[in-house]
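Colleague: Take a look at the letters that make up each chain.
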Amino acid sequence: MASVCAGACRCAHPATHRRAGPAVGRAAAGALVGKAAQNWMVDTESPARIERSSTDLPPRVGARLETLDAVIVPGVPGMTAERMGLEPEEAVFPSTTTDVMKVLREQSVQVEFEDPDAAHPLITHKAAEYWIPVAIFIETGAAHAAGDLMARAIVSFLGRRRADKSLLHVKLGRVTRGRTKIEWLEAHGKGADVLKAMREFRE
Amino acid sequence: MSDDAQVGALEDADDWIVKTGRDKLEQGREQIQRAEAMVTQAGPTPGAEAEARAAFDLLRSAMNWLEEEDSALFEEAHQALDAAGAFTRRTFGCWLHQEGTSYEQRCPVALAHNRVGMSLAAIIEKSECTVCHLAPEDCPHIAGRIYEGVFCARLITQGRLLEISFVGRPAQPDARIERMSVPVADLQQALGPGWVPGMDVSCDRCLSPCRGVSRPWG
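The listed protein sequences correspond, in order, to chains A and B.
End of the first sequence sits at 203 in the working numbering; the numbers just go up one at a time, nothing left out.
End of the second sequence sits at 218 in the working numbering; the numbers just go up one at a time, nothing left out.
Honestly, the hints are just simulated from the structure, not real lab data.
Be aware that one or more of the hints could be misleading.
[What the hints assert, rightly or not] Stretch by stretch, here's where chain A covers chain B in the computed footprint (C-beta under 8 Å, at least three residues):
| hint | segment |
| --- | --- |
| 1 | 72-86 |
| 2 | 138-145 |
[Stated by the list, open to error] In the DSS-like style, the derived pairs of lysine-lysine whose C-alpha atoms are separated by at most 27 Å in a straight line are:
| hint | chain 1 | residue 1 | chain 2 | residue 2 |
| --- | --- | --- | --- | --- |
| 3 | A | LYS190 | A | LYS102 |
| 4 | A | LYS102 | A | LYS165 |
| 5 | B | LYS126 | A | LYS190 |
| 6 | A | LYS181 | A | LYS165 |
| 7 | A | LYS181 | A | LYS196 |
| 8 | A | LYS196 | B | LYS19 |
| 9 | B | LYS126 | A | LYS196 |
| 10 | A | LYS165 | A | LYS196 |
| 11 | A | LYS196 | A | LYS102 |
Where is the CB? At the ideal position from N, CA and C, for every residue including glycine.
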C-alpha cells in the first residue's frame, strides 16, 4: 500500500493505512476529552471555615463521660441527611470512625460510641477528603485538651503530609468536668488550617 | 506508636502509594520497550501492537497513583504515556472506537489527559480488613498503614450506593472515565463534508505536541 495518510500527520507508514478513513486530531477527539461534567467542587484554596458554638450537655452523654474520655455521636461534619441522600432520622457515622477510634485508643484515650448497643452504619464519601467522626471529650486539664487529642489522632491516622494537605471536615465537642455545656468546634477546609484551629480550641 | 511489628508506620503508607505509581511507571516503560524491540525485529506485528497498547494502561495508572503524590514522577509518567501513544500511532495507527455510526474515545492515552475521577458515596453495611479479613471493628489494623507488606484498606462487601461523583482526585486512584462519546456533529464539523457517519475515524491526537493535562477542578 503506497499512499499517504489521510490525516494531519501525512505519514507514509503503511501500517497506518490498513483502515481507510479520515483522521481526527486534537481539534476534535482531543478537545472532546476535556469535556466533563462538574458536580463536585473540591476547594483547597479558600481559608478553612471555622465555627464555635455551645449546646446543653445531654444527660446520657454526661453519664457516658463519667467513665470515658470521649464518646462518638452520630453525624457527619458539615453534612445533613438530605445532602447525603438519607432519611432524616437515619443516623450514620463517617467511614473513618472505626480507624479514628483505634488511633485514639493507641493514644490511651478511652473512647466508645455514645450508644454502644445501636447499629453504627458508616458512610463513605467522595474523593481524597476526610470526614472525621463527631466526638465529645471530657477535659480534665491542659494535657487532655480535646483539640490536641483529636489533632494528634488525625495526624497519626493520615500521616503529617496527608493531614496537612487534605481537606478535613471536623466537629469536635468538649465538656469541662462539672459543667453542663458542650463547647463545639466545627472546621472545614485545608488540613493544616483545620488542625491549627483544633489545637487552638482551648478555654 | 506501638513497637509491635503488626502496627504499620504512617510514612510507609505514603511511600507505598508512590512506590505503586513508580512500579507501574517502570512496568509501562518496559512494556513499550518490548514493543519497540519487537517492531525492530519483526515489524509491526499484532503481537507488538498488543504489547504497545498494554503499556497505555500501566502508564495511565502510574499517572493516577502519582498525582498529587510526586509531581516529578507524575510528569515522567505523563511524558512516557505521550511517547508510547506517539510510537503506537505512528507504527500501528489509531482509530476512534466505532459502533455503527456512534463513536467513542476509549484510548487510555487520550483519556489520561482528563484528570477527572469518580468517587462513590455509600452506606457501608459490611466490610472487611484487607490484612486479616475480619470486620474492621474486630481487628487491630488501621486503614492506610502497611502491615508486613500488606496495605490495610476497607473492602466493602455489602453496601448501599447513594451516588457517584466526578472528582479531581478520587480516593481510589484508578477510578477513572473509561470511555467518552464523540458526537457525530463534532466529527462532521472537524472532518468536513467528505466524511459521513459510519466511516472509520483515525485519531492523530498523539502526533501533535502535548498541550498538557486538563484539570477541571484545578
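Colleague: Decide, hint by hint, whether the structure agrees.
Modeller: Comparing the hints with the structure gives:
Remark: the segment 72-86 of chain B is not confirmed as covered by chain A, as 0 of its residues place a Cβ nearer than 8 Å to a Cβ of that chain, below the required three. Residues of the segment 138-145 of chain B lying with their CB closer than 8 Å to a CB of chain A number 4, which satisfies the three-residue condition for coverage. With a CA separation close to 24 Å, the supplied pair LYS190 of chain A and LYS102 of chain A stays within the 27 Å bound. With a CA separation close to 22 Å, the supplied pair LYS102 of chain A and LYS165 of chain A stays within the 27 Å bound.
For the hint pairing LYS126 of chain B with LYS190 of chain A, the CA-to-CA distance comes to about 30 Å; that exceeds 27 Å, so the pair is violated. The straight-line distance between the Cα atoms of LYS181 of chain A and LYS165 of chain A is roughly 33 Å, outside the 27 Å bound, and the hint therefore fails. A C-alpha spacing of about 23 Å is found between LYS181 of chain A and LYS196 of chain A, which places the hinted pair at or below 27 Å, so the restraint holds. For the suggested pair LYS196 of chain A and LYS19 of chain B, the alpha carbons sit about 30 Å apart, so the restraint of at most 27 Å is broken.
For the proposed pair LYS126 of chain B and LYS196 of chain A, the alpha carbon gap of about 35 Å is over 27 Å, so the pair is violated. A threshold of 27 Å between alpha carbons decides the hint, and for LYS165 of chain A with LYS196 of chain A the separation of about 13 Å falls inside it, so the pair holds. Proximity of LYS196 of chain A to LYS102 of chain A is assessed by CA-CA distance (about 22 Å); at most 27 Å being required, the pair is judged to hold.
In terms of the numbered hints stated before, the structure departs from hints 1, 5, 6, 8 and 9, listed from lowest to highest.
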